[in-house]
Structure formats: C-alpha cells, structure tokens
Amino acid sequence: MLENENNEIVVTNKNKMDELLKLLEELVINKIRIEKIKQNIKENDYRKVLDQEIQIVAKVQEIVKKIQTSEMNNVYKKLRDELTQNSENTIKYDFNGEDAEFDNNLEVPILKLLKAVLKIYEELSNEYISISAYNNSSSIMIEITNSVSEADETQQKDIFNKEHVSLTYLSDEELTAWLDKTSLSDLMYSFQNIKNSSKMINAVIELESEKNTFKKTIISIPYSSSITKAQFIKLGNQTFAIPVEYIDKIVNINTVKIIKSNGRDFIKYMDRIISIILIDKKLDMVVEEDYVSYVVLEYNDQMKALPVNSIFEQSDIVVRPKPQAISEISEFKGMAILDDGNVTIVIDVPSLFQGNA
Amino acid sequence: MEVLLFSLSDEKFCIPLTFVEAIEHTAQITAVPKSQKHIAGLVNIRGNIIPVVDMAKLLNLDKQIHMNKFILINNQKQSIAIIADDVDDVINIDEKDIESIVMDDSKFSLVKYQNIVATLISQYELNKI
Chain Y
550 MLENENNEIV VTNKNKMDEL LKLLEELVIN KIRIEKIKQN IKENDYRKVL
600 DQEIQIVAKV QEIVKKIQTS EMNNVYKKLR DELTQNSENT IKYDFNGEDA
650 EFDNNLEVPI LKLLKAVLKI YEELSNEYIS ISAYNNSSSI MIEITNSVSE
700 ADETQQKDIF NKEHVSLTYL SDEELTAWLD KTSLSDLMYS FQNIKNSSKM
750 INAVIELESE KNTFKKTIIS IPYSSSITKA QFIKLGNQTF AIPVEYIDKI
800 VNINTVKIIK SNGRDFIKYM DRIISIILID KKLDMVVEED YVSYVVLEYN
850 DQMKALPVNS IFEQSDIVVR PKPQAISEIS EFKGMAILDD GNVTIVIDVP
900 SLFQGNA
Chain V
98 MEVLLFSLSD EKFCIPLTFV EAIEHTAQIT AVPKSQKHIA GLVNIRGNII
148 PVVDMAKLLN LDKQIHMNKF ILINNQKQSI AIIADDVDDV INIDEKDIES
198 IVMDDSKFSL VKYQNIVATL ISQYELNKI
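Residue numbers (my numbering), protein chains in the order written: chain Y, 550 to 906; chain V, 98 to 226.
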C-alpha cells in the first residue's frame, strides 16, 4: 500500500511494483547509453529529444525511489515506544535524521539491529545516547553516540587497543580475541547478535573509541540497488568496477618506485608512503599480464595502491546486491549489468582496508 | 510427480518441475573469483543477475559439459541457473520409479523411466548451493 500526499492509501500489487522497479533499472542503463550516443549527434532536434528522455528517466527514478523507501521516523517511533515501556531504563535518547530513507523491506531488520546495539550501550551504563541517521549516495548511515560518566570511563579503560574496529569484518575468533582483551567479554553474545543481524542486510558496523572509551557506533546499510559512478579496470581477463568515490588518482606504474620494507611493498605517493594491495592474490586469481597502473584508493584517511592490468572508462552503473551464492566474498560490494549486457563485479573498497590487507 | 529430464555429458538427470522456472539459451558467464567450485559465475538473464551452477562440480562428477542450455530454478532461497548439455523432456514419475541408493558416504536417488535411468536432483542437493 502507498500513501499519497493527500494521505490517501493506494493499494498496489507488490509483484507488479517489483517488475516496474526492475524495468526502471533497465531504463537507467539505457539513459547511460543515450548520454553516450548524444555526444556523437549534432542535430539539435535529436539532441532535444534525447535530453528530454534523460530528464524523464531521472524524474521517474526520483519518484520511484520514494516508493521503494521508508523513513527513519517509522523506526524511531517503534523504538521510542519500546524504550518507554522499560521503566528501569533511565537513559536519555536523542533521535535525529527522521527523514533519512532506507529500502522499505529493511524496516524490521534495522529496528532489530538498533535494539541489539542499544542493548550494549545500556549494559555500559550510559546516561545519554544520540542516534543520527542520514543518506549518502549508496547507503543510509546511522550513528549512535554515547556519553559516559567519569566513573564508567574507568570501567571501559583499555577497551580498545585501536581507535577504530570494523565489527563486520571480524571473524568469530578475532571477535573473541578482541573481547577477551577488554572488559566487554560478557557481552560476547550481544556482539555476535549484532554481527549476525548486520550480515542479513549487508550492513557494515564500525566501532570508534575515544580515550579508550566506547564512543560511537557507525552503521552503514547499502541500498538494494544504487547508482554510482565507477571506474572499470581489468585484472587478467576479468573486468571489475571500482566506485569512483574511493579513487584518489590513477598513476602510471612506471612513474613510481616500489619501496620494500618488512617483507611488504610500498610506493611513495605525494608525501605519503602507501602499501600496495594485490587484489588478484586476495581473490586467488592467476594474473600473468604486467601491471600498467596503480589505482590509488582512499578510505577513512588511509590509502592503498591497487595495481591493475588495464584502465578503461568511467561510467554510471546500477549496483545490485550480491546473489546469496556468493554473499560470503567480502571483497565484492555487488554486481552491475553493463551496457553490453554482461555482468561486472563491483569491488568493496572498505573491505580491502580491513585486517592485514 | 512431473520432472524435467536433462543431460550432463553422457548422464541423465532430472529435477522436479516445481523448482523449474524457465529454460534459456546460454549467455556470457562472468566468472567470480574466490567463489565455491560449483559456481561457474554470473549471468544476466532478462535483467536479473543469476548465479550459474555447474552441477557436475556440485555432485563431484568428472564430466565435460558443453553448456548448451540454462535451466532456471528456484531453490526457495534464490534463483539459480543450472548448466545443461541438453534438455530432453518433461516426464511423469511415481514414487515406485524412484530408487534410493546409498554408496560409500553418499546417498542419492535414481529414477527409472522406460529405458532411462536418471539421477534425481532433490531439495537436498539444491540446498547445497
């Protein structure tokens, strides 16, 4: 059911709506093709028609996005109701970003995930918790920030030996090892619950500390399909797409010198020394061709250089989630259909920055 | 029960028709590095990105397949495309036509139909994907 601006409820068939949304994705791919064709056409009349096509698709895309999405306000309402029912809970909650949007089939999983995270904050005797939600080009971001009293800072001392932990990418063994070093080992079940809940919706959970106290949880939940600009590269005979938002620069391999240190390879890039990441090795690929360029990636103020065999064009792509059969491969963010109908794999750049990569 | 009969190299297989969504001509498969050995890759079928399964590898058979057809199935978790050399027929079988075989550590079912013996791909095998 859909609610229009006059608050009238419109009943629609979900299967037909899903079919309509799939056709829209094909229209978006055609829009990209039209933009390429337009560059070679000089006649004004043709260009006008093509411009109109592009504008119409963009408008339809915007409208359909509203149908596909719900707002955080719906989640906050249910969360507030549940929190007020617990009279022992004296924590003050502040909810922000009520109009942040997410795919409307994720309302229940997001609520479940937030409740699991808040449970941990409640165990740590917080006085005040702020929940803020906002959208970026590919995900909804939910940040949960707490304030801890001075007495509890002592309790949380030495929780983190690093300032930033990606909970999603920790294996069960790593999670156990990390928690054993902290005063949070009793909350093992709660953290595993969060990890499992986040996997169901492809969410990435990061934990930040400040002065050794557990300060902020950042949840990133990707849209089921999102349009992003991507750089196409080739490794061996395989083409991949890298979201441009993570690319700092592409440099010719002959213009940089490899520096060897501690058994690893680095390059000097601007005024930094950055590590080289061989994604073909991470993916167990056999690549015989020579590398020709480094794609310099940036994420969370870190940089890595990714050597590649070929660089192609940049283009808008519709990123779709990974099919279940390959959901366990963390190096992949999703898939996209190219304008020639073939499928390409979209690299999950944040995952390349985890662990010992 | 109606089953779809298909060939992988010189062997016959069948799958309950309730799982079958469509039969398609093969298309360009995009390999997926680091995937399980029975995942041949991904394919675009009418705008949907579908994983392609090599049944010979899933069942640990040493077979050379020519990949002439995709059989689109839904195993209640996801849609997948099974590679087949040929799709033969839809046949109607009874419980008495199915023989359960236990050999070494494996258990499977064979279907006898006229002069044909075919391995039945059941929910159990499909759940492995």
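None of these hints come from the bench; they were simulated from the model. What you are looking at is a predicted structure, and each value in this text was computed from that prediction instead of being measured. All C-beta atoms in this analysis are idealised placements derived from N, C-alpha and C, irrespective of residue type, glycine included. Please note that the accuracy of each hint is not assured.
[Unchecked claim] Below are the DSSO-like pairs computed for lysine-lysine, each with C-alpha atoms no more than 27 Å apart in a straight line:
id	chain 1	residue 1	chain 2	residue 2
1	V	K166	Y	K831
2	V	K154	Y	K571
3	V	K174	Y	K783
4	Y	K668	Y	K641
5	Y	K831	V	K131
6	Y	K661	V	K174
7	V	K225	Y	K748
8	Y	K571	V	K204
9	Y	K748	V	K174
10	Y	K830	V	K134
11	V	K174	Y	K744
12	V	K131	Y	K778
13	V	K154	Y	K830
[Unchecked claim] Listed next, the stretches of chain Y that the computed footprint assigns to chain V, with coverage defined by at least 3 CB atoms under 8 Å from CB atoms of chain V:
id	segment
14	853-866
15	871-877
Outcome of the hint check:
1. K166/V / K831/Y: 32 Å, violated
2. K154/V / K571/Y: 32 Å, violated
3. K174/V / K783/Y: 32 Å, violated
4. K668/Y / K641/Y: 14 Å, holds
5. K831/Y / K131/V: 8 Å, holds
6. K661/Y / K174/V: Judged against 27 Å, a Cα distance of about 22 Å means the pair holds.
7. K225/V / K748/Y: 20 Å, holds
8. K571/Y / K204/V: Violated. K571/Y to K204/V sits at ~40 Å, over the 27 Å cutoff.
9. K748/Y / K174/V: 16 Å, holds
10. K830/Y / K134/V: 17 Å, holds
11. K174/V / K744/Y: 21 Å, holds
12. K131/V / K778/Y: Between K131/V and K778/Y the Cα gap is close to 25 Å, so the pair holds against 27 Å.
13. K154/V / K830/Y: The hint holds at about 24 Å.
14. 853-866: Contact hint for the segment 853-866 of chain Y vs chain V: violated, 0 residues under 8 Å.
15. 871-877: Result for this restraint: holds, n = 4.
When held up to the earlier numbered hints, the structure conflicts with 1, 2, 3, 8 and 14 and fits the remainder.
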